[in-house]
Amino acid sequence: MWEYTNKVQQHFMQPQNVGEIEEPSGTGDVGSLACGDALKLTIKVDENDIIVDAKFKTFGCASAIASSSVLTELIKGMSVDEAAKVTNEDIAEALGGLPKEKMHCSVMGREALEAAIADYRGVILPMAQGEVVCECFGVTDLEVVRAIQESGLRSVEEITNFTKAGGGCGKCEDRLRDILQQTVEGLSKKSTPVKEQRMTTLQKIKKIEQVLEREIRPTLKKDGGDIELVDVDGDFVTVSLRGACAGCHSSRTTLKEYVEKKLREQVVDSLIVEEEK
Amino acid sequence: MNCGSDKVIYMDNNATTRIAPEVLEVMMPFLQDCYGNPSSMHTFGGQVGQVVEQARAQIAELLGADPEEIVFTSCGTESDSTAILSALQSQPEHRHIVTTRVEHPAVKNLCETLDMLTGHKHRVTRLMVDADGTLDMDAYQEALTEDTAIVSVMWANNETGVLFPVEEMAAMAKDRGILFHSDAVQAVGKIPINMQENQIDFLSLSGHKLHAPKGVGVLYVRKGTPFFPFLHGGHQENGRRGGTENVASIVGLGRACQLAGEMMDEENTRVRALRDKLEKGLLASIPKSILNGHVENRLPNTSNISFEYVEGEAILLHMNQHGICASSGSACTSGSLEPSHVLRAMGVPFTAAHGSIRFSLSIYNTEEEVDFVLEKMPRIIADLREMSPFWEG
Numbered sequence: 079m080w081e082y083t084n085k086v087q088q089h090f091m092q093p094q095n096v097g098e099i100e101e102p103s104g105t106g107d108v109g110s111l112a113c114g115d116a117l118k119l120t121i122k123v124d125e126n127d128i129i130v131d132a133k134f135k136t137f138g139c140a141s142a143i144a145s146s147s148v149l150t151e152l153i154k155g156m157s158v159d160e161a162a163k164v165t166n167e168d169i170a171e172a173l174g175g176l177p178k179e180k181m182h183c184s185v186m187g188r189e190a191l192e193a194a195i196a197d198y199r200g201v202i203l204p205m206a207q208g209e210v211v212c213e214c215f216g217v218t219d220l221e222v223v224r225a226i227q228e229s230g231l232r233s234v235e236e237i238t239n240f241t242k243a244g245g246g247c248g249k250c251e252d253r254l255r256d257i258l259q260q261t262v263e264g265l266s267k268k269s270t271p272v273k274e275q276r277m278t279t280l281q282k283i284k285k286i287e288q289v290l291e292r293e294i295r296p297t298l299k300k301d302g303g304d305i306e307l308v309d310v311d312g313d314f315v316t317v318s319l320r321g322a323c324a325g326c327h328s329s330r331t332t333l334k335e336y337v338e339k340k341l342r343e344q345v346v347d348s349l350i351v352e353e354e355k
Numbered sequence: 059m060n061c062g063s064d065k066v067i068y069m070d071n072n073a074t075t076r077i078a079p080e081v082l083e084v085m086m087p088f089l090q091d092c093y094g095n096p097s098s099m100h101t102f103g104g105q106v107g108q109v110v111e112q113a114r115a116q117i118a119e120l121l122g123a124d125p126e127e128i129v130f131t132s133c134g135t136e137s138d139s140t141a142i143l144s145a146l147q148s149q150p151e152h153r154h155i156v157t158t159r160v161e162h163p164a165v166k167n168l169c170e171t172l173d174m175l176t177g178h179k180h181r182v183t184r185l186m187v188d189a190d191g192t193l194d195m196d197a198y199q200e201a202l203t204e205d206t207a208i209v210s211v212m213w214a215n216n217e218t219g220v221l222f223p224v225e226e227m228a229a230m231a232k233d234r235g236i237l238f239h240s241d242a243v244q245a246v247g248k249i250p251i252n253m254q255e256n257q258i259d260f261l262s263l264s265g266h267k268l269h270a271p272k273g274v275g276v277l278y279v280r281k282g283t284p285f286f287p288f289l290h291g292g293h294q295e296n297g298r299r300g301g302t303e304n305v306a307s308i309v310g311l312g313r314a315c316q317l318a319g320e321m322m323d324e325e326n327t328r329v330r331a332l333r334d335k336l337e338k339g340l341l342a343s344i345p346k347s348i349l350n351g352h353v354e355n356r357l358p359n360t361s362n363i364s365f366e367y368v369e370g371e372a373i374l375l376h377m378n379q380h381g382i383c384a385s386s387g388s389a390c391t392s393g394s395l396e397p398s399h400v401l402r403a404m405g406v407p408f409t410a411a412h413g414s415i416r417f418s419l420s421i422y423n424t425e426e427e428v429d430f431v432l433e434k435m436p437r438i439i440a441d442l443r444e445m446s447p448f449w450e451g
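From first to last, the protein sequence lines are chains A and B.
Here our numbering is used: the first residue of the first sequence is 79, the next is one more, and so on.
Here our numbering is used: the first residue of the second sequence is 59, the next is one more, and so on.
Hints listed in this document are in silico derivations from the structure and should not be mistaken for laboratory results.
As the structure is a prediction and not an experimental result, all values here were calculated from the model.
The reader is advised that the hints may include incorrect statements.
For lysine-lysine, the following BS3-like pairs were computed, each having C-alpha atoms within a straight-line distance of at most 25 Å [unchecked claim]:
#1 Lys249/A with Lys166/B
#2 Lys334/A with Lys300/A
#3 Lys163/A with Lys122/A
#4 Lys272/B with Lys300/A
#5 Lys249/A with Lys179/B
#6 Lys300/A with Lys178/A
#7 Lys434/B with Lys65/B
#8 Lys179/B with Lys166/B
#9 Lys272/B with Lys299/A
#10 Lys122/A with Lys154/A
#11 Lys85/A with Lys284/A
#12 Lys299/A with Lys340/A
Build the full structure now, drawing on both the sequences and the hints.
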């Protein structure tokens, strides 16, 4: 059984804005029956470029329905330009997080939104122009690259969780590994050092919380433990280990070998993680 | 922990079953005062050894087997692994295995990792099924070769309940001198099985599927079949399986088998009637609902129904709101992105595979429960379809 947040359950049981707008300004139709989830998003835009209404129809699991529902709530009242900046991370965050295997549901929401905006603006979706890498789920290389860049993905498994690519027959795994390597190398050459220097404490906290939520917490929970972020001061990250982790003999090893390593890999490689005394 | 078992309608008995009160009762002394080790020399332990033998006899009785053909294991998966690996070890020159596309992961995934486990290359033939989930017997006949070490075919499918003609298949294998294993985890206790009337060499069963606890299983090994242990260690189980006996659970399994024998008629009359009522009711009241698997040739307790254009996890979570427990073959419930390999092998289209729900009943289900499910389901499906972009109303 998945661990869904209250927010996910709420949006699943009482979804908002179900339906289809008649004569919409833009329509985004993504996914398919074969893929196991699909979303049709319709938006109404007024003369000031403001999204005044948004409705959805979704075929899919609880997190797909909840992602769609929360997406319509998020974008109502936004200008089209603002809505274009909404990412899958924003959708997941608005739901209080999603299980990592379900992140692709938030990605589907974002893709439907992009498609609807492109339809409204009368332009062709740039992502669809890429080369299809995963034939089972029809995922393009551009979509994979973007997911790697925006969500800091570091393994093929993570790519599958976010984009579904590689989750079917698995034939594209090598190709995904290549794309991952190239993208990560590209990132570290170009933007990463600059980005690291410029990362504010607030951004750092946000990023640390993401990594904790998406990777570290689920792993610790498997062993009956949990972790809370207490403070971030420069490179010093204070956390508190909970549940089975608290007082566990190997908690120090967990902290240094796992938590610190993961955070260094994905946030800033100078971070020092300490337990709250 | 209060798990609210009194408030649920449990129709997920192919996943696991409740421990029968009669089973729990006979187990209790062995979780309390009678903690001796059956292998001990003193009476305190030795007397426990006697009840293990009594349980062995009860299980043999249900299967029409000899008690010495019963080997206790920790679960169905261990039994499956033991049988298949034993057959490969006893015939190292044979490198071919015949199985089906719809096996439980215990057999399916084992066959996929055999090369790694044994250090040899193996060829695995996975027999196809048709739209009803029925095997092609001609293809089976052709698949048997000089090189075949073992055939492993489940007796009843866990997802659809479809029965395979394993007795006939075992006879065909025997003619060619090939060993035959059947994963009968879903069949034992639900349909009559008599090992004296067939030529199956290995048969797996699992306690928690027939109202005994989790953590105990059995591998039936026909007398005279070459055998190599999976767990090496002490001399328990006549040297066929090392490790101190899970006494309480073994005693429970013995009693559960005895009860299953007594309840076999009820399973095939009352439970079957409840299942049929549920199934007919759902198919009649919910449009675009399809039964998966052969109508007749199936376990009396299982019904697998697809509700087109909606997704299984979403259905299950709505059912959960009403306390109804069942399973789904949808991709989202499995943690993978692909729907059930069983339904896909049967050629069930994606429109239906993602929305499949398995109801599996037991003797503890009542007509009131079936009526309640029949009352709630149409609304759940209608609400989700209302939300589905593929539903045209």
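Here is how each hint holds up against the structure:
no. : hint                   : in the structure
1   : Lys249/A with Lys166/B : 20 Å, holds
2   : Lys334/A with Lys300/A : 18 Å, holds
3   : Lys163/A with Lys122/A : 18 Å, holds
4   : Lys272/B with Lys300/A : 20 Å, holds
5   : Lys249/A with Lys179/B : 21 Å, holds
6   : Lys300/A with Lys178/A : 14 Å, holds
7   : Lys434/B with Lys65/B  : 15 Å, holds
8   : Lys179/B with Lys166/B : 16 Å, holds
9   : Lys272/B with Lys299/A : 23 Å, holds
10  : Lys122/A with Lys154/A : 9 Å, holds
11  : Lys85/A with Lys284/A  : 19 Å, holds
12  : Lys299/A with Lys340/A : 16 Å, holds
Comparing the model with each earlier hint shows no violations; every hint is respected.
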